[in-house]
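Reassemble the complex: the two chains are provided individually, in unrelated frames, and hints are given to aid placement.
Heads up: the sequence lines are chains C and R, in that order. Taking my numbering, the leading residue of the first sequence gets 1, the next gets one more, and so forth. Taking my numbering, the leading residue of the second sequence gets 1001, the next gets one more, and so forth.
Possibly wrong hints are sitting among the right ones.
To be verified - Short derived list, chain R residues pointing at chain C, Cβ under 8 Å:
| no. | residue |
| --- | --- |
| 1 | 1007 |
| 2 | 1019 |
| 3 | 1037 |
It should be emphasised that the hints constitute simulated quantities derived from the structure, not laboratory data. Here a beta-carbon is modelled for each residue, glycine too, at the ideal position from N, C-alpha and C.
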Amino acid sequence: MSSQAASSRPATARRGSFLDRERTVAPPGYSRWLIPPAALAVHLSIGQVYAFSVFKTPLQEHFGTEGTPIAVIFSIAIVMLGLAAAFGGTWVERNGPRKTMVASALFFCGGLFIASAGVALGQLWVVYLGYGVVGGIGLGLGYISPVSTLIKWFPDRPGLATGLAIMGFGGGALIASPLTNRLLGTYADAPENAIAPTMITLACAYLVLMLLGAWVVRVPAKDWRPAGWTPPQQQAGGMRATADTTARNAIRTPQFWLLWVVLFTNVTAGIGILEQAAPMVQEFFSQIDAAAAAGFVGVLSLCNMAGRFVWSSTSDVIGRKRIYMVYLGVGLVAYLGVVLLGTSSVAVFVILTGIILSFYGGGFATIPAYLKDMFGGLQVGAIHGRLLTAWSAAGVAGPLIINSLVDARRASGASGASLYQLPLLVMVGVLAVGFVANALVRPVDPKFQEPVAGGPASSASAGQDRREGVGNR
Amino acid sequence: MSEASQGAAKAAAVVLWVLVGGGLGYGVWQTVARASQLFG
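Bound-form chain R, shown alone (with noise of 0.2 Å):
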């Protein structure tokens, strides 16, 4: 693998962990929302 080839990879990894991170912040965020409404 070439060093270019890697630092793109290791780079798209970061940007995934970021997608993934907001996404399931996201998604948290949502259902926490919903379920308050338990309790309202």
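For reference, chain C alone in the conformation it holds in the complex (with noise of 0.2 Å):
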């Protein structure tokens, strides 16, 4: 916009409305720890994603279909979130935390309000419309808005920050899971005849607690540090950047590739053991009914949102590139672990996929660190969005992989255990190359990085970046 066309408006215009960044920069002296909880009431509200499961049943038994066309809807929604996330990035760093937030917070409960209306008029593809991709889009923006605001306010400890906020994510289906089925036994008499009003409920509940959040998160005024910390200073052949790079220039890199492979290794694995963690420890031990099994996922859920905040807060004292090593150096020996000892007992079998899926949590929790290390802060939310489409293709990639080399095991005879000794052996050679997609990180080449202030400009993409007006913290 011209300069001309803004001094033309209204003094009350220039000061841009109360959802606009600068709205949003804190005071001297703001506490930071105000911040966390603004970044957890979203993720926490929009983690319900996790528990859709419960209402599975429910809706197979109100549209009387079977299973594949209501998993389709949680499908849709992990999908919309990889490219709202994606292809949203750029606008949330240029917006900020509190449109963006407000925006997540409009489709992903207007979704939950759509989708109720078309469970009310017996319409599937309107809970595909609702659910999947209105919602499936609030999922992406508000997975992406809080983390680089945190990443932000917590520069000495990004790896604590983005632990926090990600938690929220894994805690959300936590909440949810017992939440609905309460709901669903008290609107109606059955589950399937209570899936609207239950879905409203949620709504009503999760847009609250989001707005609230909108209404508290702050940005650190441009400047500002943290009271007696500076930032360190780069050594050589250190990974951590001392220049920002653009989300244009970051894809342009390899380590963003390699990144990308890393995440989509470490999700692929993890996934592998939580898509079939109920069926596959009934597998490994005949003694272990539905009611035990269910404690297992119990269990997992509990390991994957502790190491988002664990693992994650970790690699602030020993490097990202060395918890990632962990993640997947010890995860594939604990993949192999189940392979060779894990019908030794249950107390061995859970250990085992208890650390494996620590990690998968660890992995999701870390990488918005990793990025603002290699790649620096400056759009680190656009550059996290963007990797996300790691995520939506290990989400199809896991599945799959398991599903059908456990069909194909079944198919040939095998029952018990070894119906999962191929699929974990193939998720061991999974890791395996994402250890190596990590080795092979190193720092990011200067000519993609945009020109310190004060020295000379690196490169010529770098600086047209700067004037298309991206360098907006």
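See the structure below:
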């Protein structure tokens, strides 16, 4: 927009709306510990998507259909999450966290309202549109919006900051699952008749929580730093970038694609266990009944959530590259352990799979901090959004690998734990690929970086991106 | 930002801490209860 057009606006318009980034800049002395609950409010809400399975049987009963058409709802939502994060990332960076969190709340809760209408009308395609498409856009915007804000507030501990926020996404399912079950039992005699009011109740509760988070969220002033903290000086061969890289340039670097492979392999391996958790434990141990299998899923959920905070915080101490060596290397050994020792006892099986799931969560939570190390904080949200396409791809690849191999083993006459030997060994190979990709990560070539203030321009393309207005922190 | 609105935002942040902390506590408690069935 030209300066002439801006100057012709009334003074109130120049101040911007309540949602604008400029109106969210924190005053001096504002405590950064007031920001994490805003991020958690959004992630705890949108984490409901991981509890979608609670609706699965009631929806099947309501629409009188098989499991696959209902499972498509969740798949659409996850694909839309990845697409919205990838394509909306730059918009998120430009408009700031408050506008994005409000947009996320309107899309996510609006999607639940539309889906409830689809249920009431008996139209499954409306549920696809509501929960899947519209709600999925809300998931993508909500997932990335608070993360880059927290990284800017915690430059000294970015792993802790991203772990806090993304732990909320794992925790969201822990809340939504029992809450949804309770609501389904409250509104009607049969759960299939209580879906619409349950969705409306959840939408109202999440709308309030997310909008409260949007009101509370603040961005730090441009030159703000934590008291007593100075940015670490770059050492020769160090992994932390001293200059920023734009999202457009980041995807031109090998580092971005190596990290894409790292996230893809880590998520694929984790989903392999997560997706098959209940039937897998029952095949390994014939004495495990359905209730105990549900308990096993609960253990994995707790490990997934705890890993997000614990491992991501640990990465601040030991470094991002090293922690991914642990996720992928120790995860590989743990997978081998499940193959070789998994049938020895329930405790051994639970410990090994719990470790794998904690690394799965840790991988999600640590990746924004890894990106910040590699590409700087300028557009870390937009870069993170583009990287989340690895999640969407893994969400398809992981279950496909496991299910097709288990089906093939079953068709060849295998049963019990042997059903899973080949799929688990394939996951060992997947993790080995990720381990190598992580080992190949090196500091970003300065030609991709933005010029440092007062320094010489690094590259023509970097300067062009800055002129296009992408450098507004 | 006025002092009043800043104070309200801080109060809302504290309320949010309580809400998200309580929600997480509820979720973890419910999940631990479910998880205990594995070893029960």
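For each hint given before, does the structure comply? Return the numbers of the non-compliant ones in rising order.
1
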